[in-house]
Each structure stands twice: as structure tokens, then as C-alpha cells.
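Going down the list, the sequences are from chains A and B. Quick note on numbering: the first sequence equals residues 1 to 230 in the numbering used here. Quick note on numbering: the second sequence equals residues 1 to 472 in the numbering used here.
In short, the hints are calculated from the structure, not lab data. Some clues are possibly wrong.
[Claimed, not checked] Derived DEER-like restraints, expressed as beta-carbon distance ranges: (1) B:Ala11 - A:Ile154: 36 to 42 Å; (2) A:Thr113 - B:Ala464: 28 to 34 Å; (3) B:Gln426 - A:Phe25: 21 to 27 Å; (4) A:Ile154 - B:Leu172: 48 to 54 Å.
For each residue, glycine too, the CB sits at the ideal point set by N, CA and C.
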Amino acid sequence: MNTCYPEAGMSMVKVLERLGHAVQFHEDIFCCGQPAFNAGYWDEARMVAGPVLETLAGDGADAIVIGSGSCGAMLKVFYRDLFAKTALEGKAAAVGERTWEFSDFLVTKLGVTDVGAHFPARVTFHDGCHGLRELKVKQQPRRLLEHVRGLELIEMREAETCCGFGGTFSAKFPAISTAMGEVKCASAADTSAEYIVSNDSSCLMQIQGLLDRQKKPIKTMHLAEVLARQ
Amino acid sequence: MATEFSQKFKADAKRVAGDLRHRELIQGALRKYEVVRDSCKEAFQDWQGAREGAAERKSDAIDHLDTYLEEFASKLEARGTKVHWAGTGPDARQIFLDILKEKGARSIIKSKAMTAEEIHLNEALEKAGYSVVESDLGEYIVQLRHETPYHIVFPAMHLTRGEISSLFAEKLGSAPTDNPEDLTMIARAVLREKYVTADVGITGANFAVAETGMVSITENEGNARLTAALPRTMITLLGIEKIVPKLGDLALFLPMLATAGAGQALTGYNSMYGGPRQPGECDGPEEFHVILLDNGRTALLADAEQRDTLRCIRCGACLNVCPIYRNVGGHAYGTTYSGPIGSVITPHLRGLQDWKHLSQASSLCGACSEACPVKIDLHHHLLQNRRNAMASKPVRWEKLAFRAFGWLAVRPRLLEALMPFGRFGQKWFHWIVKGGRLDPVRVWTETRELPAFAPSSFTQLWRAKKRAEAAR
Numbered sequence: 001m002n003t004c005y006p007e008a009g010m011s012m013v014k015v016l017e018r019l020g021h022a023v024q025f026h027e028d029i030f031c032c033g034q035p036a037f038n039a040g041y042w043d044e045a046r047m048v049a050g051p052v053l054e055t056l057a058g059d060g061a062d063a064i065v066i067g068s069g070s071c072g073a074m075l076k077v078f079y080r081d082l083f084a085k086t087a088l089e090g091k092a093a094a095v096g097e098r099t100w101e102f103s104d105f106l107v108t109k110l111g112v113t114d115v116g117a118h119f120p121a122r123v124t125f126h127d128g129c130h131g132l133r134e135l136k137v138k139q140q141p142r143r144l145l146e147h148v149r150g151l152e153l154i155e156m157r158e159a160e161t162c163c164g165f166g167g168t169f170s171a172k173f174p175a176i177s178t179a180m181g182e183v184k185c186a187s188a189a190d191t192s193a194e195y196i197v198s199n200d201s202s203c204l205m206q207i208q209g210l211l212d213r214q215k216k217p218i219k220t221m222h223l224a225e226v227l228a229r230q
Numbered sequence: 001m002a003t004e005f006s007q008k009f010k011a012d013a014k015r016v017a018g019d020l021r022h023r024e025l026i027q028g029a030l031r032k033y034e035v036v037r038d039s040c041k042e043a044f045q046d047w048q049g050a051r052e053g054a055a056e057r058k059s060d061a062i063d064h065l066d067t068y069l070e071e072f073a074s075k076l077e078a079r080g081t082k083v084h085w086a087g088t089g090p091d092a093r094q095i096f097l098d099i100l101k102e103k104g105a106r107s108i109i110k111s112k113a114m115t116a117e118e119i120h121l122n123e124a125l126e127k128a129g130y131s132v133v134e135s136d137l138g139e140y141i142v143q144l145r146h147e148t149p150y151h152i153v154f155p156a157m158h159l160t161r162g163e164i165s166s167l168f169a170e171k172l173g174s175a176p177t178d179n180p181e182d183l184t185m186i187a188r189a190v191l192r193e194k195y196v197t198a199d200v201g202i203t204g205a206n207f208a209v210a211e212t213g214m215v216s217i218t219e220n221e222g223n224a225r226l227t228a229a230l231p232r233t234m235i236t237l238l239g240i241e242k243i244v245p246k247l248g249d250l251a252l253f254l255p256m257l258a259t260a261g262a263g264q265a266l267t268g269y270n271s272m273y274g275g276p277r278q279p280g281e282c283d284g285p286e287e288f289h290v291i292l293l294d295n296g297r298t299a300l301l302a303d304a305e306q307r308d309t310l311r312c313i314r315c316g317a318c319l320n321v322c323p324i325y326r327n328v329g330g331h332a333y334g335t336t337y338s339g340p341i342g343s344v345i346t347p348h349l350r351g352l353q354d355w356k357h358l359s360q361a362s363s364l365c366g367a368c369s370e371a372c373p374v375k376i377d378l379h380h381h382l383l384q385n386r387r388n389a390m391a392s393k394p395v396r397w398e399k400l401a402f403r404a405f406g407w408l409a410v411r412p413r414l415l416e417a418l419m420p421f422g423r424f425g426q427k428w429f430h431w432i433v434k435g436g437r438l439d440p441v442r443v444w445t446e447t448r449e450l451p452a453f454a455p456s457s458f459t460q461l462w463r464a465k466k467r468a469e470a471a472r
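With the sequences and hints as input, model every part of the structure.
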């Protein structure tokens, strides 16, 4: 998000500030450590995740809001496993408690479903797997999208089917990953939507990467960018 | 290092994943399954509650397996059943061969049993000179093709009616037909003959009821009933994890298995076997043998993290929803148990280093765990298998790469300084090699475009915003 999709991040800031919240950003956090964790290298994952945990544990913020269900699940669910029986176990649990995926934070924590956005377009929503199944984020983004002026939400048949990204999986098994992505793209195309919106940039990278190669007109966009439009 | 198994998997998976005909056939069939499954789930007052209950019952069974197994065996033996304990596949095969020899058997009819696939029973029996015929239609079809089952519940789902018709025409000399009923009748004519001439019937089992000492068999074609009832000797092979404590547990497990496995409210035939023909009874086998198979299951029992995999009722629900399975198909796995459950347990049954690639071949989407009726934490077990594999035998370059990444990731200033190089390289050089052999990110770019480095990173935009706010 920092390198390739900064607009998604800036949009989150915009929406949160519009709702009256003070936002801070930790410039020293680059990655949550999920790639090494998922690949099985837990020591190397802790090299990255340890400092993240220390920074977040001491930052005094009321909530940690993440624009990715996958990174959110890493902090909220998997840090507990990664740091189980270590000195950071307590901090992992405490940080997990304060961590929210962006749409979940708005709807569940703040009780906001209308952020005053305006985006006249046909949109279909892709459920990122980690957000959906680890964090139980399903209705939250839809509640938000329903309140966007001019937006028409069209559900695709395979909304809950994995896009095939899966981190290092997409590089280790590119053929399977691509086939999964193609199924996703075809399902999205069936809806006649102009945009595939999701709450996870990594899924969008996979989907957009395939759409660009196939020269399909449908575009991907992060949920926060939609919500920031006025 | 990549093993021969992982190389074969990669090659087979790649071939099938790109096969659009396969994709349409399998995913079309499984989409229909999803619809009927969901309508059957509606018939449960509380599907999630039923899952909780089922997981609890099976956990109880697994946690007290020793007691329940003894109860099961002693009840069976009291009615004259011979119970055998097989530690390994070869042990189980030997027990079969000994029984067959003692009975002077020649011809064997067999109904569907994944445990038999697991121990490669048919090969062993054929090698010893016995004729074995599969009586389940799907199994019969894959047997004629000399294939392993494509799916643990639907063995021949990868074949079209046309392909089955040509197979029957070639092997059985039947006239070509596109009608499923006709195809069934062709197989039935052959199989009916086998039932009455077979000396021994071999079955698997879906549940083993400890309380009553009964084997429960679920099927849709009536073939298992004939396999059990007609030959003089019946042999049932089952894994030791098939135990359920009480007869009443089946009131939950039978509809659950039917719903999750096939999208049926209840499977066509559910039969219970508690022993050979008793005095005064007019039918049933004269001799009944039950072979209880361990074959790595007690090792799973000793694994506190993954013991829950022994709850598995082999319904195949995790295969049906798995996007990997739906794209690579059942044969690519090269295992008896395919799909998520296979990827989790095969490393335990056949060696972690040889089979770890199956745990890596997952996007960890979690659809399997969500679908599992007995709530096995499948996708998290895949993560644990990865961790265990890398902890015992790391891939050196990978470990080094993650170490280097770890070093860099906590140095954001350095990363920021490197970003312009990345941006420059992507813009001016990457297109020259993109997607080709020299492309360092070819695994991605062969089929997909890379996202572009943004002109400014989030950090830069954030700082600019803060500067602007301070200036105001």
C-alpha cells in the first residue's frame, strides 16, 4: 500500500479525519511479517513483527486501523500464534484487541454506515479471504457501499471465492494462482460492473494484474477510495 | 529441494489448471452441489450448532478412542464377528490375504472404501491372483480406466457421460448411449452377476458405533448392501477414527454427512452391520470380519495441534469448496485423500518432507475450515505443516531471503532510498525482459501485469500533508 497504492491509504486518512478522528502514521512500520510467517519461517517473521508490535503497543492510540483484511488478520489473529509463549505474548494479545480492519472499524466500532461519499458507478465487491473468514468482515463493507450516493452494488456469484493471490503462493504456484484469478475475474465480468472493489490491496493487485494482461476494461479500487469520493 | 512428488504435482496442477474444459466441468458440477447443499442446510434448525455438536461428539470419540474401540470390538465379537487390528497398510493387506486363503476364495466384490485405496488393497489382491470388482458405479468406472478415484465421494466426477459411454463400449462391448439410466443399467448387468458369484464381499464403513458394536455404511446405489449380503464372507475395513460413541449420534451424523458430502437430506441407503448371520436369521454373511486400521492415525492422535483431523468423516465438503481442488482436480494431488484434508494429513501419513508442497499449494483462504461439518481447523493446519517443514528442514535460499527482507523491513529509511531505483528500473528496464526467461519476477509476469510503483509513496504523501497542515 505504501509503494504501489498510496491513494488507498490517503483515502483512509481522509475518511477517518472527515469523521473527526485524529490519525497518526508510523513511518517505521513497513510490513507486518506475514510473508515469512505464511511461508513457515516464523523466526524471520518475528524479526519483522517484533518491532511492529513494540511500536504499536506503546503508541497510545485508541485503535489500530488497517486497510487490509490480510494484514489485519495477521495482527489480530496470527500474532497470537507467532508470539505464543514468548515475552511478547501479552503485547500481541493487547495489540490484537485494538486492531481493526477499516470497514469493520467504521461499522462495528464507530457505528457509521454513511460517510457521505458520492461515487456514481456500478460496483461489485470482492471479499478478501482473510477479512471474511479470519475477521468475519462480510456485511460491514456492504453497509458502507449501500450508503454511497449514486453507487449500484451488484453481487457477483463468486464474491467469496479466493482471488488466488495468497502471498508467496502466487509465486510458488503461478499456474494455480492464475486459474483462480481467472475464475474471479470472469465472475466479476458477468455482473457488468465497472469496478471491482475490495478491502484488500493484495487481492486487488492480483485481480488488476490479470485484468490488465487480458486488457479487460473493468477496474479495481480499494473500498477506502470509494468512500473518500465526494 | 523439490522432491519428485512436488515436481509431479506442480506439472500436473499446471496442466489441469489451464484446462478450461476441466474447469467448466468440475466447477459447473460443484456449483450445482453448492445449491443443493445450501438447501439441505436449511433443513437443520441450526447448522452451526449442529457443527459444534458434531465436533464435540467426534472429539469425545477421539479423546477416548482406546475405550470406545474396545467397546466396539467386544460388542462385535460377542455376536461372532472376527475383529482384526492392523497397525500398517501391509499388516492390513496380509490380514485380507490370510482370510481369503482360508476361505479358498477366488472372486471378490467390493464396495467403496477410501481406506482400501489408502492401503492399495486392489493391487495387492490382484497381484495375489484374486479377481476384484468395484460395485459402486463411480468406482467401477475408474477401475475400468485403471485410475484412482478423482474425489473421495464422487470418484468419476471428472468424466462426462460421453466418456463413460465410450469406456463401456470399449470394455464391455455395450452400445453407445448418452442416457445416464442406460449407462447405469449396463454396469448393473455386469455387477449383478458378480454379486452372486463372489465368494467374499469387501466394504468400507462410514461410522463405527461403540455403544452397539455396529458398522454403519452410507451409499446411494444399494451396491454396498448387496456386497455385504450376498457373498458368504464379509470383510469390512475401517480406520480407527470412524468411532462414534452412541447409536443416537448417527441421528446427527447421517444427515450431516449427506448434506455436507452430496447436498442430500439423507443418503439413499444407510445400513448397520453388527455381526454375521445369527441363528434363526435368513440372510447375511456366514462370516464377518472387521479390520481396524491404524496406518499413522495414532501418530495424529499424539499431535495435540492437529488431533482434530481425526474427526474427519470423509464427506468431501472441503474438496468441493476448495479453489485449489476446483482448479487442479483430484488426480494432481497424487494422494489417496485429495483436497484440503489430504493436504493436511498426507504429510503425517506419508512423510512431511515429501508432501509439504501440498500444504504450500494453498492461498490459505479458509473456505475448507468454513465448510467442514466437524470444524477441523484445516487451513491453519496447513500453516502449521509449513512451519514444521521449514523448522526441520529450511530451504536455504528462502530462509536467507526472508532474513534479508526482515533486515530491510525494519529499515524504512533505507527502503525509501531504494524506491526511486525500483521506480526507475520498472519504468525503463523491466519491459525489456518482462514475462521472459530473464525476468526476475517471471512467475508473476508470465500471466499478470505488475502494479506500478506510485510516483510518491504513502510516506511521502503523508509528510507532504503534515507539512501543508503545519504551514497553515
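Status of the hints after comparison with the structure:
At roughly 38 Å, the beta-carbon separation of Ala11 (chain B) and Ile154 (chain A) lies within the given 36 to 42 Å, and the hint holds. The beta-carbon spacing between Thr113 (chain A) and Ala464 (chain B), approximately 31 Å, falls within the hinted interval of 28 to 34 Å. Against the hinted window of 21 to 27 Å, the Cβ-Cβ separation of Gln426 (chain B) and Phe25 (chain A) comes to about 25 Å, which satisfies the hint. A beta carbon spacing of about 49 Å between Ile154 (chain A) and Leu172 (chain B) agrees with the range 48 to 54 Å that was offered as a hint.
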